[in-house]
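Number of protein chains: 2
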Amino acid sequence: MKIEFHPIGTIHTPYKKKAPFQPKSNDKGTFYLEIQEKYLTGLQGLEKFRYIYVLFFLDRIIHKENINIAHPPLGGDIKVGVFASRSPHRPNPIGLSIVKLKKIEGNRIYTSGLDAFDNTPILDIKPYINDLDSKKDANYGWIKFKNLDDKEHFMLHIKGLPH
Amino acid sequence: MKIEFHPIGTIHTPYKKKAPFQPKSNDKGTFYLEIQEKYLTGLQGLEKFRYIYVLFFLDRIIHKENINIAHPPLGGDIKVGVFASRSPHRPNPIGLSIVKLKKIEGNRIYTSGLDAFDNTPILDIKPYINDLDSKKDANYGWIKFKNLDDKEHFMLHIKGLPH
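Protein chains in written order, with my numbering: chain H, 1 to 163; chain A, 1 to 163.
With the rest of the complex left out, here is chain H:
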């Protein structure tokens, strides 16, 4: 069974050759989603949301011998299953990021930092809704914090603050 999708637009970021592992809220440069004109009316009401999901096609993934195993950058020597990781090397290379929506101008949605290469094809945009999506009792899975400093380091890393 083959499933076929098509881009609804393109992500624009300053990342031409290297991209961060996760979105960074204070990333320098301009980040925006350029939506194809035919989907423009599909953006009505989106500007009301503080956060949005961006689903994108990880089109610059290189072949990997064992697609099932990931080496997360924050995990040290740890190896985990690809579905227990956010690795871009996945059986179906779909990227999922939550970003802050800054403003919409025409067919451009300006956002906070996005962990994607410039010109990445966009598959979908969905609103991030409080309570429905913000699970306050979520945990950290296999991610281990040796101490409070370690956890603060993780938080700074996620937020993209200098550390």
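Treat the hints as calculated values from the structure; they're not laboratory data. None of the values given here were measured: they were computed from a predicted structure. A few of these clues could be false.
Straight-line Cα separation of at most 25 Å, PhoX-like style, residue types lysine-lysine; simulated pairs [said to hold, decoys possible]:
{"#": "1", "chain 1": "H", "residue 1": "Lys151", "chain 2": "A", "residue 2": "Lys135"}
{"#": "2", "chain 1": "H", "residue 1": "Lys100", "chain 2": "A", "residue 2": "Lys136"}
{"#": "3", "chain 1": "A", "residue 1": "Lys136", "chain 2": "H", "residue 2": "Lys103"}
{"#": "4", "chain 1": "A", "residue 1": "Lys151", "chain 2": "H", "residue 2": "Lys135"}
{"#": "5", "chain 1": "A", "residue 1": "Lys135", "chain 2": "H", "residue 2": "Lys144"}
{"#": "6", "chain 1": "A", "residue 1": "Lys135", "chain 2": "H", "residue 2": "Lys136"}
{"#": "7", "chain 1": "H", "residue 1": "Lys79", "chain 2": "A", "residue 2": "Lys48"}
{"#": "8", "chain 1": "H", "residue 1": "Lys48", "chain 2": "A", "residue 2": "Lys144"}
{"#": "9", "chain 1": "H", "residue 1": "Lys18", "chain 2": "H", "residue 2": "Lys102"}
{"#": "10", "chain 1": "A", "residue 1": "Lys28", "chain 2": "H", "residue 2": "Lys136"}
{"#": "11", "chain 1": "H", "residue 1": "Lys136", "chain 2": "A", "residue 2": "Lys103"}
{"#": "12", "chain 1": "A", "residue 1": "Lys48", "chain 2": "H", "residue 2": "Lys144"}
{"#": "13", "chain 1": "A", "residue 1": "Lys102", "chain 2": "H", "residue 2": "Lys136"}
{"#": "14", "chain 1": "H", "residue 1": "Lys48", "chain 2": "A", "residue 2": "Lys151"}
{"#": "15", "chain 1": "A", "residue 1": "Lys135", "chain 2": "H", "residue 2": "Lys100"}
{"#": "16", "chain 1": "A", "residue 1": "Lys136", "chain 2": "H", "residue 2": "Lys48"}
{"#": "17", "chain 1": "A", "residue 1": "Lys79", "chain 2": "H", "residue 2": "Lys103"}
{"#": "18", "chain 1": "A", "residue 1": "Lys144", "chain 2": "H", "residue 2": "Lys102"}
{"#": "19", "chain 1": "A", "residue 1": "Lys103", "chain 2": "H", "residue 2": "Lys144"}
{"#": "20", "chain 1": "A", "residue 1": "Lys2", "chain 2": "H", "residue 2": "Lys64"}
{"#": "21", "chain 1": "H", "residue 1": "Lys79", "chain 2": "A", "residue 2": "Lys38"}
{"#": "22", "chain 1": "H", "residue 1": "Lys2", "chain 2": "A", "residue 2": "Lys38"}
{"#": "23", "chain 1": "H", "residue 1": "Lys135", "chain 2": "A", "residue 2": "Lys144"}
{"#": "24", "chain 1": "H", "residue 1": "Lys102", "chain 2": "A", "residue 2": "Lys79"}
{"#": "25", "chain 1": "H", "residue 1": "Lys146", "chain 2": "A", "residue 2": "Lys135"}
{"#": "26", "chain 1": "H", "residue 1": "Lys102", "chain 2": "A", "residue 2": "Lys136"}
{"#": "27", "chain 1": "H", "residue 1": "Lys102", "chain 2": "A", "residue 2": "Lys135"}
{"#": "28", "chain 1": "A", "residue 1": "Lys38", "chain 2": "A", "residue 2": "Lys100"}
{"#": "29", "chain 1": "A", "residue 1": "Lys136", "chain 2": "H", "residue 2": "Lys136"}
{"#": "30", "chain 1": "A", "residue 1": "Lys136", "chain 2": "H", "residue 2": "Lys144"}
{"#": "31", "chain 1": "H", "residue 1": "Lys38", "chain 2": "A", "residue 2": "Lys79"}
Derived coverage of chain A by chain H (criterion: at least 3 residues anywhere in the stretch with Cβ under 8 Å from a Cβ of chain H; other residues may be distant) [stated by the list, open to error]:
{"#": "32", "segment": "119-127"}
{"#": "33", "segment": "139-147"}
Computed beta-carbon distance windows for the label pairs [said to hold, decoys possible]:
{"#": "34", "chain 1": "H", "residue 1": "Asp118", "chain 2": "A", "residue 2": "Asn66", "range": "26 to 34 Å"}
{"#": "35", "chain 1": "H", "residue 1": "Leu156", "chain 2": "A", "residue 2": "Arg50", "range": "21 to 29 Å"}
{"#": "36", "chain 1": "A", "residue 1": "Glu34", "chain 2": "H", "residue 2": "Asp118", "range": "32 to 40 Å"}
{"#": "37", "chain 1": "A", "residue 1": "Lys136", "chain 2": "H", "residue 2": "Asp150", "range": "15 to 23 Å"}
{"#": "38", "chain 1": "A", "residue 1": "Lys17", "chain 2": "H", "residue 2": "Asn147", "range": "51 to 59 Å"}
{"#": "39", "chain 1": "H", "residue 1": "Leu148", "chain 2": "A", "residue 2": "Ile62", "range": "47 to 55 Å"}
{"#": "40", "chain 1": "H", "residue 1": "Asn119", "chain 2": "A", "residue 2": "Lys151", "range": "35 to 43 Å"}
Where a beta carbon is used, it is the ideal one built from N, C-alpha and C, also for glycine.
Since chain H is already given, all that's left is putting chain A on it; use the hints.
Relative to chain H, chain A alone:
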């Protein structure tokens, strides 16, 4: 540009002909993700997470004249752009649900209620990580609550509690 994916497994739910709009935490019946044997090692470490994302192919969507406009079930008479909604009728019909992971037995991942039809193809599974994914300052976008009762109704609806 065409983007091609393939199922990594199949969702099993009690919903043969009707499915709820959002996952319901107290849904009766058994919900599990059946993963193809070749991806089994990709599940290592996943059992440590309390919540997971399930990305799936909305394969039972019927043709709609104006794909850009949605009529959300909770919105009354309101019409919003498809990207400001969680409607299954989308340019690329990708479903995204956050569910509680109950247990993993072999290639079966048992979860809380899932808003998908039985036999829906799975595209990806990702861990839901506290802080990274739980945006505590998220808002409700265009969703309006007339009063506190209204908001409580929304919460009960999301949680699938009788009301």
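Hint check results:
1. Lys151/H to Lys135/A: Given that 25 Å is the threshold and the Cα spacing comes to 17 Å, the pair holds.
2. Lys100/H to Lys136/A: Given pair Lys100/H, Lys136/A holds - Cα atoms ~12 Å apart, limit 25 Å.
3. Lys136/A to Lys103/H: 20 Å, holds
4. Lys151/A to Lys135/H: Status holds; Cα separation ~17 Å.
5. Lys135/A to Lys144/H: Distance of about 21 Å is within 25 Å: holds.
6. Lys135/A to Lys136/H: Status holds; Cα separation ~9 Å.
7. Lys79/H to Lys48/A: 14 Å, holds
8. Lys48/H to Lys144/A: OK: Lys48/H and Lys144/A at ~11 Å, within 25 Å.
9. Lys18/H to Lys102/H: 24 Å, holds
10. Lys28/A to Lys136/H: Status holds; Cα separation ~24 Å.
11. Lys136/H to Lys103/A: 20 Å, holds
12. Lys48/A to Lys144/H: 11 Å, holds
13. Lys102/A to Lys136/H: Distance ~17 Å between Lys102/A and Lys136/H Cα, so the pair holds.
14. Lys48/H to Lys151/A: 17 Å, holds
15. Lys135/A to Lys100/H: 10 Å, holds
16. Lys136/A to Lys48/H: 17 Å, holds
17. Lys79/A to Lys103/H: 21 Å, holds
18. Lys144/A to Lys102/H: 21 Å, holds
19. Lys103/A to Lys144/H: 21 Å, holds
20. Lys2/A to Lys64/H: OK: Lys2/A and Lys64/H at ~22 Å, within 25 Å.
21. Lys79/H to Lys38/A: Distance ~18 Å between Lys79/H and Lys38/A Cα, so the pair holds.
22. Lys2/H to Lys38/A: 17 Å, holds
23. Lys135/H to Lys144/A: 21 Å, holds
24. Lys102/H to Lys79/A: Cα-Cα ~23 Å, so holds.
25. Lys146/H to Lys135/A: Since the Cα atoms of Lys146/H and Lys135/A sit roughly 24 Å apart, the hinted pair holds (cutoff 25 Å).
26. Lys102/H to Lys136/A: 17 Å, holds
27. Lys102/H to Lys135/A: Roughly 16 Å between the alpha carbons, so the hint for Lys102/H and Lys135/A holds.
28. Lys38/A to Lys100/A: 24 Å, holds
29. Lys136/A to Lys136/H: Distance ~8 Å between Lys136/A and Lys136/H Cα, so the pair holds.
30. Lys136/A to Lys144/H: Holds, at about 22 Å.
31. Lys38/H to Lys79/A: Holds, at about 18 Å.
32. 119-127: holds (count 6)
33. 139-147: holds (count 5)
34. Asp118/H to Asn66/A: 26 to 34 Å: 31 Å, holds
35. Leu156/H to Arg50/A: 21 to 29 Å: 23 Å, holds
36. Glu34/A to Asp118/H: 32 to 40 Å: For Asp118/H against Glu34/A, whose Cβ atoms are near 38 Å apart, the range 32 to 40 Å holds.
37. Lys136/A to Asp150/H: 15 to 23 Å: The hinted range 15 to 23 Å holds for Lys136/A and Asp150/H, with Cβ atoms some 21 Å apart.
38. Lys17/A to Asn147/H: 51 to 59 Å: The hinted range 51 to 59 Å holds for Lys17/A and Asn147/H, with Cβ atoms some 53 Å apart.
39. Leu148/H to Ile62/A: 47 to 55 Å: 53 Å, holds
40. Asn119/H to Lys151/A: 35 to 43 Å: Holds: the Cβ-Cβ distance is about 41 Å, inside 35 to 43 Å.
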